[in-house]
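2 protein chains.
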Amino acid sequence: MTAPIADTDGRFAPVIEGRDRKGDVILVCDHAANAFPPPWGDLGLTADQRQAHIAWDPGALGLMRGLAARLEAACVAATVSRLIYDCNRAPDMPGAMPAQSELHQIPGNAAITPEARLARARAVYLPFQTALHDLIAERIALGRRPAIITIHSFTPVYFGKPRAVEFGVIHDADPRLAVAILEEARRRSTLNCGLNAPYSAADDVTHTLRLQATPYGLPNAMLEIRNDLIATPEAEDTMAATLAPVLAAALARLGPPRKEP
Amino acid sequence: MTAPIADTDGRFAPVIEGRDRKGDVILVCDHAANAFPPPWGDLGLTADQRQAHIAWDPGALGLMRGLAARLEAACVAATVSRLIYDCNRAPDMPGAMPAQSELHQIPGNAAITPEARLARARAVYLPFQTALHDLIAERIALGRRPAIITIHSFTPVYFGKPRAVEFGVIHDADPRLAVAILEEARRRSTLNCGLNAPYSAADDVTHTLRLQATPYGLPNAMLEIRNDLIATPEAEDTMAATLAPVLAAALARLGPPRKEP
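Read top to bottom, the protein sequences are chains A and B. Be aware that the first sequence starts at 1, since it is given in this note's numbering, and climbs by one per residue. Be aware that the second sequence starts at 1, since it is given in this note's numbering, and climbs by one per residue.
FYI, nobody ran anything at the bench for these hints, they're computed from the structure. Every residue, glycine too, gets a C-beta built ideally from N, C-alpha and C. Errors might be hidden in some of the hints.
[To be verified] Output of the computed footprint for chain B on chain A, the stretches with three or more beta carbons under 8 Å from beta carbons of chain B: (1) 8-17; (2) 29-42; (3) 82-93; (4) 192-198; (5) 234-246.
[What the hints assert, rightly or not] Coverage of chain B stretches by chain A, computed from C-beta distances (three or more under 8 Å per stretch; other residues unrestricted): (6) 37-48; (7) 117-125; (8) 199-213; (9) 229-235.
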């Protein structure tokens, strides 16, 4: 992505692609970007740290775009590093503006005043969640019932320990879509799959699903792909080709979307 | 309230009062107004119908303001009749733009196209819920944990049948605050009180709580006052004087707000 640009109110809107696509899926990439724009800048991090998984989910944006094209899905991507504001966290969660991430101290987050927390929430979190909510609610008003699937990647080695799982599916209150995706992935791929792995909703990682999908009773799930499997554009596309039929089959198992009006 | 005015995008923002008050309560009146502004107009209803409980919750706005002043609470009020768009309903719920309400046909809602449903959701529902979400999330970013209490009134006679209950407290997934309010009301007032009366979350009446409070784990409840008890400004104020200590005692029982950061 090109460098993000704030609007005249200093708000960083997410990128929304495929608004007019007909599929009843909305894909979301909370951690698509490792941009550190003004007024925050690099938070005292090195260039290597700003490229690392602590700053974003490498490969997730390309994977999402490959899936979106194959599923005729709209997709929504954050444009600012999760270390400035992690859009998948409520403003009072420690991980929203973390002072430490895995082994790394984040100097610019060591002592954030309440007013600075508010300013970051206004500039990054609220524009992201509002744009996503508008997209979802507008489809619902038209009688559509989109599934909400968030796309993440995780590091193969965490706190020095290798992770064997390659593809994790995480659910919040409603497990239906996650379980269907897991079963289809085991049937249709050779990926080492895990449910609620490498972490779960108990780790406060399902905020976007909880905020956007649960209140409307929309099918939802969070996908986690080990980032060494999507480390190049070609690998992202290969993974999208693997996972698109998995998601399509899982969605088909849930049946046609309920249309209330 | 004065007649509502849309912004240049045709959006009807809610009225927000007491933004700077220090109490950790936000009061919400989804059905504060019986205004029928352009481009919709009167939906084919008579003046009497537009004054009736089907169009709004009579007395609820005045009661909310009386409570807000006593509790140092911010409050948020819809500015358009619930028959144009009921902000306490998701866009696919039949009650969002009902073709019938109690005994009354709503001619202007008899055959709404999907595009017209979308236009109403964009003009009324999204500005209301977005403004409320901004208010809540900004307080959370500052380390505050507001309780969310919605204020409604109900008709004493429904489908010809009198209702004995005078004060109902309704909860969604988290019953804590509702149960505390009910117990304090029984202790501190002579009102005929009911839990989940005269209806309950199963009737799809808790959308605003589900959308705004549950995702953040905020204490929340929906209050219903029989509208013959708040039929004049004096009665509204008397009821506010009765209920303010009830709410204050119930909130105190939940303990100090959790502050995560």
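### Query
According to a criterion of three or more residues whose C-beta lies within less than 8 Å of a C-beta of chain B, is the stretch 234-246 of chain A covered?
With 0 residues close enough to chain B, the hint is violated.
### Task
Take the stretch 192-198 of chain A, compare each residue's beta carbon with every beta carbon of chain B, and decide whether three or more fall closer than 8 Å.
violated (count 0)
### Query
Does the stretch 229-235 of chain B contain three or more residues whose Cβ lies closer than 8 Å to a Cβ of chain A?
n = 0 at 8 Å, threshold three: violated.
### Message
Closer than 8 Å Cβ to Cβ for three or more residues is the test here. Does the stretch 37-48 of chain B pass it with chain A?
### Response
Check failed, 0 qualifying residues.
### Message
If you count the residues of the stretch 199-213 of chain B with a beta-carbon closer than 8 Å to a beta-carbon of chain A, do you get 3 or more?
### Response
Coverage by chain A holds here, the residue count being 3 at a Cβ distance below 8 Å.
#### Entry: Per-stretch coverage check for the stretch 117-125 of chain B, three Cβ contacts closer than 8 Å to chain A
holds (count 6)
### Task
State whether the coverage of the stretch 29-42 of chain A by chain B holds or is violated, taking the criterion as 3 or more residues with Cβ-Cβ distances under 8 Å.
Since 0 is below three, the answer is violated.
### Query
Do three or more residues from the stretch 8-17 of chain A put their C-beta atoms closer than 8 Å to C-beta atoms of chain B?
violated (count 0)
### Coverage claim, chain B over the stretch 82-93 of chain A, checked by counting residues with Cβ within 8 Å (three needed)
holds (count 4)
Against the hints set out earlier in the document, violations occur for numbers 1, 2, 4, 5, 6 and 9.
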